[in-house]
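Novice: Here are the chains, one letter per residue:
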Amino acid sequence: MSSLKDITITIDGKECKGEFGQTILEIARANGIYIPTMCYLTKVLPIASCRMCVVDVKGVDGFILSCQEKATDGAIITTQSQELYRERQNIMKLYNVNHPLECGVCDQSGECDLQNKTMEFGLDTQSFTAKDIARPIENWGYVSYDPSLCIMCEKCVRVSTEITGDEALKVKFGGYSSTIENIKIDKNFATLGEAASVCPVGALVDTNFKYSSNAWELTKIPSSCPHCGAGHDVIYEVKKGKVYRVSNEAEFSTMCSASRYGFDFANENIEKDTKAFNRAIEAFNSSETIIFSNEISNEEALILQKLKELKGYRLISHEARAYQRFMSAYSKISGKKLYRGDLKTLSKSQAIIIMGSRVNDDAPLVKYSINMASKHHRARVAYMHPIEDSNISNIVTQFIKYDAGSEEGVSALLVDILLRDIEVPSEIRDILNELDIGNLSAETNIGEEELDDLAKSLNKKVGYSLVIGADLYSHPRAENIARLLALLEKYAGFNIVAIPPAGNGMGISLICQLDDEVKGKTIGYNVKGDFTLSAFGGGDLDMPSLIQQEGTLTSIDKRVVPINVALDYGGYILNDIANALGLNSRYTVDYTKELPLDSGFKNIEFDSLPDSYSITGEENRGYILSEVDTKIDNKIEEPLEFEGIDGAVIYNCNPQEHFSPFTAKSKILKSKAYLLGSEQFAIASKLKDGNRVKFVIDNIEFDRVFKIDTSLKGTIALNPTYDMGLSTALLSSYRFNRLEKVGS
Amino acid sequence: MGLEKFKNRNVGTQNYKKLDLTHPPKSGWCRFKQVASRTFKPELFVGLWVTLREMINALFRGKMHTTQYPLEKLPISPRYRAIHEMLRLLESGHYRCIGCGLCEKICISNCIAMETRYDENQRKEVSEYTINFGRCIFCGYCAEVCPELAIVHGGRYENASEQRASFSLFEDMLTPIDKLNLQQEYQGFGAISPNADDNIKKTPLAY
Chain V
724 MSSLKDITIT
734 IDGKECKGEF
744 GQTILEIARA
754 NGIYIPTMCY
764 LTKVLPIASC
774 RMCVVDVKGV
784 DGFILSCQEK
794 ATDGAIITTQ
804 SQELYRERQN
814 IMKLYNVNHP
824 LECGVCDQSG
834 ECDLQNKTME
844 FGLDTQSFTA
854 KDIARPIENW
864 GYVSYDPSLC
874 IMCEKCVRVS
884 TEITGDEALK
894 VKFGGYSSTI
904 ENIKIDKNFA
914 TLGEAASVCP
924 VGALVDTNFK
934 YSSNAWELTK
944 IPSSCPHCGA
954 GHDVIYEVKK
964 GKVYRVSNEA
974 EFSTMCSASR
984 YGFDFANENI
994 EKDTKAFNRA
1004 IEAFNSSETI
1014 IFSNEISNEE
1024 ALILQKLKEL
1034 KGYRLISHEA
1044 RAYQRFMSAY
1054 SKISGKKLYR
1064 GDLKTLSKSQ
1074 AIIIMGSRVN
1084 DDAPLVKYSI
1094 NMASKHHRAR
1104 VAYMHPIEDS
1114 NISNIVTQFI
1124 KYDAGSEEGV
1134 SALLVDILLR
1144 DIEVPSEIRD
1154 ILNELDIGNL
1164 SAETNIGEEE
1174 LDDLAKSLNK
1184 KVGYSLVIGA
1194 DLYSHPRAEN
1204 IARLLALLEK
1214 YAGFNIVAIP
1224 PAGNGMGISL
1234 ICQLDDEVKG
1244 KTIGYNVKGD
1254 FTLSAFGGGD
1264 LDMPSLIQQE
1274 GTLTSIDKRV
1284 VPINVALDYG
1294 GYILNDIANA
1304 LGLNSRYTVD
1314 YTKELPLDSG
1324 FKNIEFDSLP
1334 DSYSITGEEN
1344 RGYILSEVDT
1354 KIDNKIEEPL
1364 EFEGIDGAVI
1374 YNCNPQEHFS
1384 PFTAKSKILK
1394 SKAYLLGSEQ
1404 FAIASKLKDG
1414 NRVKFVIDNI
1424 EFDRVFKIDT
1434 SLKGTIALNP
1444 TYDMGLSTAL
1454 LSSYRFNRLE
1464 KVGS
Chain Z
641 MGLEKFKNRN
651 VGTQNYKKLD
661 LTHPPKSGWC
671 RFKQVASRTF
681 KPELFVGLWV
691 TLREMINALF
701 RGKMHTTQYP
711 LEKLPISPRY
721 RAIHEMLRLL
731 ESGHYRCIGC
741 GLCEKICISN
751 CIAMETRYDE
761 NQRKEVSEYT
771 INFGRCIFCG
781 YCAEVCPELA
791 IVHGGRYENA
801 SEQRASFSLF
811 EDMLTPIDKL
821 NLQQEYQGFG
831 AISPNADDNI
841 KKTPLAY
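Order-wise, the sequence lines are chains V and Z.
Throughout, our numbering is defined as the position within the first sequence, counted from one, plus 723.
Throughout, our numbering is defined as the position within the second sequence, counted from one, plus 640.
Simulated from the structure, these hints should not be mistaken for lab results.
Be aware that one or more of the hints could be misleading.
From the structure, some residues in chain V lie toward chain Z, with a derived Cβ separation under 10 Å [as the list claims (entries may be wrong)]:
#, residue
1, N821
2, C829
3, D830
4, Q831
5, S832
6, C835
7, L846
8, S850
9, F851
10, K854
11, T930
12, K933
13, S935
14, S936
15, T1120
16, K1124
Please read all numbers here as calculations on a predicted model, not as lab measurements.
The beta carbon of each residue, even a glycine, is placed where N, CA and C say it ideally should be.
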């Protein structure tokens, strides 16, 4: 941002400081001055449909809408007066025309903006009238819409367009008969839950929650998302030992659909099973390796690391290990332990390159940020991936297809074109100069003109971002890819976000010293081992799931965020095992302050972690990892030649609303796992729609029904992995694999 | 007025009249005469006849003077707060409860528990409703807060039962559908006032 000018305005006699470009409402809120609003939603652009936020500006005729009017230096503003009160009162009267008097059964009752404002403006009579029309209730799948309750504030439409990017909701204009319509009703987007969460009245509500409880009966327990790795805030709403729904600070933040609807993953009705516990201790004493999935907290990861130091276990966590290796190579060029980018900067970028991740499915919050950049800042978005994604075609301005497996070459090409006019150390420049661009371009199947177009389109933009994902971490040449891409952060000023593996992959990679090879007997934690600790049943000893634990997670924003206990758990926890094995700590959260400082963690007690948003939307949850400098060696290599993966290829990719066996437990999320491929894939693999196919990846046998998805192209099919239970976290290889059918 | 006057308890005139009672027998002969006369006079049967006569009148001539509890009960005031009843809509026979949860919320002894769900007709349905009468203090708040006059206090004041559960379920409190014609409108706390019609403000109907 260039030269911000400070301005001073007077609101209700109080001098308020702000920045040029801020609206009157923003400055007023930042200074604790209340201006009533109905349609204003901080995270989207001003909607300006309610006119409640009117203020009086001295010297200007008529009222001004404070939500969209930028403040000018020296303005004198009145927010409360007789006329303004009457104006607002009339607006509220109009909102209440024919609004059904069914607060008694309405889900929003108790947290309804319309109720609150009707009370606030003392409305006890109605002087306006309109002939009512029939408005049938619609069930859209995850959400239900009651048009007679709708006040047409358009918040839901804005969230669906500007934030989640499903673009399913539209306003159907028609004066008094205006409604919201779902133009993609057959897709049944789970992200519409985000639109429902901002509804100020009971018009758009979650179908699963509808009429099941009054808002005021639910105890709100703040926590963080255990599924998607973005660590965004979630609030579990609990009554009598059951989660009824999950909400969030919808004014400022947005959730992934997995956490909104995948909340029923608790390991319930577990009691202390002493025999199983003793067997677990024996198993720990006789095992050499602990394999675990990403769905553990930072504290648990630290316990495992301490056990490693105490007993010499080998710690195996495939995804986190790949990420750890990738980031460690990355830091050899960038000089920092972690990437520089975060989602907020990403959402303000004007040029974004996505590479090596099917971002819509892998990281919904990253997709939201990219969508925000596209909608709010007209960002150019280049999507580089072997498979085109029709779900993000509305925001992608350039799709660059490369061959599966050629990521190293793609990185080299990208670095070459983007660093062409930028000064870099000579040893790096030498290698870049030696690149055989023609050959690389042939190998990766990217045309040189495509890259030229990309470079040209980025030319005049400010704020570049690069999003990279899991395809790269598990690539055989991941380390060189990391080094190449780190150059962009170091020398081209790119804001890079390396999407961490779902769950708490980043936390594990920062806390544990992970090993590559399994040796001896294994203990599996949420993974199949010789002795299995499991939070989703089917193991030898039960463990609490993340909804039943307190602790911290590490988020994509490099933030350490707290999770709290929403549901009771009666069994043994990892800390009990650790204490029996020789560690000594009363609670798991006693480890919070001991998280490794050399990875950027801070010496802060769990109980003193903040968990709130400020009135202007500043996130104040947990703390941000401090930057850790690392040694730079500036070593990059030329890309190796690679052998393409031909024939029918399958790509391990979960649908947007699923991440792990924990989300697979959800009864609300649609969850039939199919192998999805195009018609081309069907021909290449000799499969027909509805055929059953068995194949093996990393010794895990998949038995899937094949479905043709007409939105896909090419010979790559999507293979979900979330439903594989204790085997899910055993996957370790590159995400693209040749389809090797087994059996018949 | 001072307090002195009140402290004077000797108010009114003290003109007691002495009854002319017979004197107790003095001599042994007199005492003997009294015993003999009391023994041989048939006064006992005079008294027994009175009882017998009243019994015959009550049982066979329909001249009963007392309430035949438990066969017969006195009408109870509409404001008496006994075991709850759940009323039905007179027209449709559907129960009046809309599942708003206000009774559960207002209950000061936390004895009401309810669960609701989204039913097939896209309406809110009460799936569970219980009142724990071991805790209920019969304060009447639930009846007063109920916007639909659905939960009311009935006249059933005998709280003895073999099991508490026998009158705490929704169905037990609900007016039996075949006795809908006997359902009485509630007059107690929370009932609409007799002049309710006069207090209604009409919504403008300009169209």
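Novice: Does the CB of K933 of chain V sit less than 10 Å away from some CB of chain Z?
Specialist: holds (4 Å)
Novice: Should the interface hint for N821 of chain V be scored as holding, given a Cβ-Cβ cut-off of 10 Å against chain Z?
Specialist: Hint on N821 of chain V: holds, closest Cβ of chain Z at ~9 Å, below 10 Å.
Novice: Quick check on S832 of chain V please, does its C-beta sit within 10 Å of some C-beta on chain Z?
Specialist: holds (8 Å)
Novice: Mind checking the CB of C835 of chain V against every CB in chain Z and telling me if the closest is under 10 Å?
Specialist: Violated, because the Cβ-Cβ distance from C835 of chain V to chain Z comes to roughly 14 Å (cut-off 10 Å).
Novice: Does the closest beta carbon of chain Z sit nearer than 10 Å to the beta carbon of F851 of chain V?
Specialist: holds (7 Å)
Novice: Does C829 of chain V pass the interface hint, meaning its C-beta sits closer than 10 Å to a C-beta of chain Z?
Specialist: It holds, given that the least Cβ distance between C829 of chain V and chain Z is near 9 Å, below 10 Å.
Novice: Does the closest beta carbon of chain Z sit nearer than 10 Å to the beta carbon of T1120 of chain V?
Specialist: Check failed: Cβ of T1120 of chain V comes no nearer than 42 Å to chain Z, outside 10 Å.
Novice: Please verify that hint: T930 of chain V, Cβ, nearest Cβ of chain Z, below 10 Å or not.
Specialist: holds (7 Å)
Novice: Under the criterion of a CB-CB separation shorter than 10 Å, is S850 of chain V in contact with chain Z as hinted?
Specialist: Interface hint status for S850 of chain V: holds (6 Å vs cutoff 10 Å).
Novice: So, S936 of chain V near chain Z? Judge it on the closest CB pair being under 10 Å.
Specialist: Holds, about 7 Å.
Novice: With a cut-off of 10 Å, does the beta carbon of D830 of chain V approach a beta carbon of chain Z closely enough for the hint to hold?
Specialist: Holds. Min distance 9 Å.
Novice: Checking hints one by one. Is Q831 of chain V an interface residue toward chain Z, by the C-beta closer than 10 Å rule?
Specialist: This hint is violated: Q831 of chain V lies away from chain Z, its Cβ roughly 13 Å from the closest one there, beyond 10 Å.
Hints 4, 6, 7, 15, 16, counting from the list given before, are not met by this structure.
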